[in-house]
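Undergrad: Chain residues, written in single-letter form:
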Amino acid sequence: MSSNSAHYVAPIKADVVVDAVRLGEKPSNLWLDAWRDLRVRPLFWISVALVLLVSVAALFPSLFTSFPPSGQGAADLAKSNAGPEPGHPLGFSFQGYDVWSRLVHGAGISLTVGLLATIIGTVIGVVMGALAAFYGGFLDSLLSRVGDIFFTIPYIVAAIVVMTVVPREFRSVLVLAFAIGGFSWASTARIVRAEVLRVKQSDFVMASIALGLSRFKTMVVHVLPNAMAPVIVVATIGLGQAIVAEATLSFLGVGLPNVVSWGADISQAQASIRTAPMALFWPSLALTLTVLAFVTLGELVRDAVDPKSRAQR
Amino acid sequence: MLAYILRRIVQVIPVFIGATLLIYFMVFGMPGDPIAALFGDKQPSPQLLEQLRERYLLDQPFIVQYLNYLGGILRFDFGTTFSGQSVGEVLARTFPVTLRLAVMAIIISFVLSIVIGGASALLKGTVFDHAMLVIALIFIAVPIFVLAFLAQYFLGVQLQWFKPTVGANNDWGDLWLPAIVLGFSIYAASMRLTRSSMIETLGQDWVRTAYSKGLSRGRVIPVHVLRNSLIPMVTDIATNFGILMVGATVTEGIFNVPGVGNTLFQAIIRHETPTVVSFVTVFVIVYVLVNLLVDLLYGLLDPRIRYVK
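Chains A and B are the protein sequences, given in the same order. For the first sequence, numbering that gives the first Met the number 0 begins at 0 and goes up steadily by one. For the second sequence, numbering that gives the first Met the number 0 begins at 0 and goes up steadily by one.
Warning: the hint list may mix true and false statements.
Here are the in silico distance ranges between beta carbons for each label pair [as the list claims (entries may be wrong)]: (1) A:G136 - B:L300: 30 to 36 angstroms; (2) B:G172 - A:G136: 53 to 59 angstroms; (3) A:W30 - B:I137: 49 to 55 angstroms; (4) B:N255 - A:L62: 40 to 46 angstroms; (5) B:I62 - A:A48: 29 to 35 angstroms; (6) B:I62 - A:P88: 39 to 45 angstroms; (7) A:V122 - B:Q84: 41 to 47 angstroms; (8) A:I118 - B:L300: 37 to 43 angstroms; (9) B:I137 - A:R197: 29 to 35 angstroms; (10) A:V47 - B:Q203: 36 to 42 angstroms.
Going by beta-carbon spacing under 10 angstroms, a handful of chain A positions derived as facing chain B [said to hold, decoys possible]: (11) F182; (12) A206; (13) V253; (14) N257; (15) R273.
No lab work stands behind these hints: they were computed from the structure. We put the beta carbon where it would ideally sit given N, CA and C, even for glycine.
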């Protein structure tokens with residue numbers, strides 16, 4: 000032993016130090032907290048179950064029904080607007096198609112268009128908002144004004160114009176999704192811009208740039224992931240709204256031709272509202288419940304990730 | 000205040016030009032022939048095609064077409080409908096009906112949101128509050144045409160409280176059913192905004208001060224809290240206006256109200272592209288103007304807004 004070790008060193012009480020940082024507790028982060036908050040709420044599980052059910056129906060319609068929803072031989076005109084009978088729980092439509100089968104097969108187009116439109120709108124919104132906020136200056140002014148222009152035209156109205164112009168033979172799922180998503184990104188862009196401006200002030204962003212990471216990489220790796228919470232909320236609610244937009248366009252006759260769609264079925268059933276209201280009721284119910292599930296999910300996630308709205312409860 | 004008004008007006012101009020350019024580009028600037036698309040499967044005569052091309056200046060470069068169209072808008076010439084009437088005349092006939100409908104809808108939604116949103120805020124966390132929030136969520140989710148059909152079937156056909164369709168004669172009284180449907184399409188968002196705005200105001204220090212001065216609840220809530228909670232509702236009217244226009248198109252179509260929305264509805268169903276463009280342009284102009292007005296009103300109500308930036 001050297002003479003240095005003769006100095007007095009206070010004994011470390013290991014248990015006290017460990018206790019001070021509470022290693023025993025699970026690490027706390029935004030999404031983990033949100034999950035703890037969500038998993039005890041019955042409405043969350045009801046919405047998740049509904050979304051799963053509609054998704055399974057969209058992917059594997061044959062699991063739920065063995066009758067074709069359209070095409071040659073599927074319709075029995077003798078049963079036009081007939082009531083339920085064994086094997087056909089919801090009766091028949093005006094053209095004699097099985098209503099339950101039309102419901103199940105209609106889920107596909109609603110979800111596909113809704114999902115694609117939301118992805119398109121969200122990607123455009125995130126890119127525009129993030130670029131505007133991160134680079135600022137002239138680019139910010141330019142992109143924000145472009146956003147204002149798109150914000151001025153209600154996206155359903157814009158989608159109506161696009162779909163009226165596109166000839167029937169060119170109308171596809173992708174065109175429809177672009178018509179909806181291409182005009183609904185402005186609100187996402189505004190939110191992303193505000194979030195990125197907020198996160199940009201954080202010390203860890205300055206640390207990342209000081210440590211030599213390029214500005215672009217800092218934005219992608221550190222800023223954007225921390226600005227995503229409100230985007231996910233808006234996208235979930237937006238998915239519901241995109242489904243409404245698809246149904247509205249189909250209802251107006253400017254949706255996709257020759258597909259089974261809840262909106263088109265509602266439009267067709269309106270003629271016989273007095274004699275066969277149920278043919279109108281079922282697709283309306285399916286549409287509303289699906290949209291409600293997405294909107295509720297979005298609202299619950301918003302509550303769970305936003306401390307401000309949590310305080311208002 | 001004058002500087003604020005001027006700044007807002009100057010800001011509106013590029014947005015207006017951009018929005019009309021965008022609409023015009025979507026229809027006439029895209030590859031493909033909008034005139035041929037008008038006829039669908041039918042073959043029009045070459046003379047008719049030529050005539051229509053000339054009418055819409057399709058032989059000119061795109062920017063010339065657009066400037067001509069913009070010039071028309073500035074001279075309040077919105078073009079002619081497919082059946083040959085001038086859009087201006089059609090607007091003069093249909094706009095008062097739509098305005099009446101919109102005013103009724105806004106009043107219905109406004110009154111309901113203040114009563115129910117206010118009660119929800121005061122009863123925060125109770126069964127009433129939760130039930131009202133769930134109902135609001137349902138109204139957010141249900142598409143307007145579903146709401147319209149439900150109302151038409153239950154209130155019009157089954158209970159016969161209202162006429163199921165409106166038709167040519169349309170006094171204030173005849174418009175109740177479409178106005179209720181349209182009102183409920185914007186009610187949910189307003190009600191939730193009133194609620195959260197009230198809750199925020201209720202937590203302010205000056206509300207506590209008012210109570211500690213000895214003022215009664217009956218005076219603090221309506222005079223101090225409600226009045227201050229109403230300021231965000233003003234912007235809400237502008238935001239809702241977009242929903243209201245789409246809603247008016249669908250509702251007027253379903254209830255056969257002879258308004259602007261119904262004209263657009265019929266044009267969409269019949270694929271009359273130029274008419275659709277004319278009316279969408281009118282919608283965008285109205286939307287921009289309403290937003291401008293609301294911004295100015297907001298600046299008047301809340302002095303803090305005027306001095307930002």
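Undergrad: Does each hint fit the structure? Answer for all of them.
TA: How the hints compare with the structure:
no. : hint                                : verdict
1   : A:G136 - B:L300: 30 to 36 angstroms : holds (32 angstroms)
2   : B:G172 - A:G136: 53 to 59 angstroms : holds (57 angstroms)
3   : A:W30 - B:I137: 49 to 55 angstroms  : violated (28 angstroms)
4   : B:N255 - A:L62: 40 to 46 angstroms  : holds (41 angstroms)
5   : B:I62 - A:A48: 29 to 35 angstroms   : violated (54 angstroms)
6   : B:I62 - A:P88: 39 to 45 angstroms   : violated (59 angstroms)
7   : A:V122 - B:Q84: 41 to 47 angstroms  : holds (43 angstroms)
8   : A:I118 - B:L300: 37 to 43 angstroms : holds (40 angstroms)
9   : B:I137 - A:R197: 29 to 35 angstroms : holds (33 angstroms)
10  : A:V47 - B:Q203: 36 to 42 angstroms  : holds (38 angstroms)
11  : F182                                : holds (9 angstroms)
12  : A206                                : violated (31 angstroms)
13  : V253                                : holds (6 angstroms)
14  : N257                                : violated (15 angstroms)
15  : R273                                : holds (6 angstroms)
Checked against the numbered hints listed earlier, the structure breaks hints 3, 5, 6, 12, 14; every other hint is satisfied.
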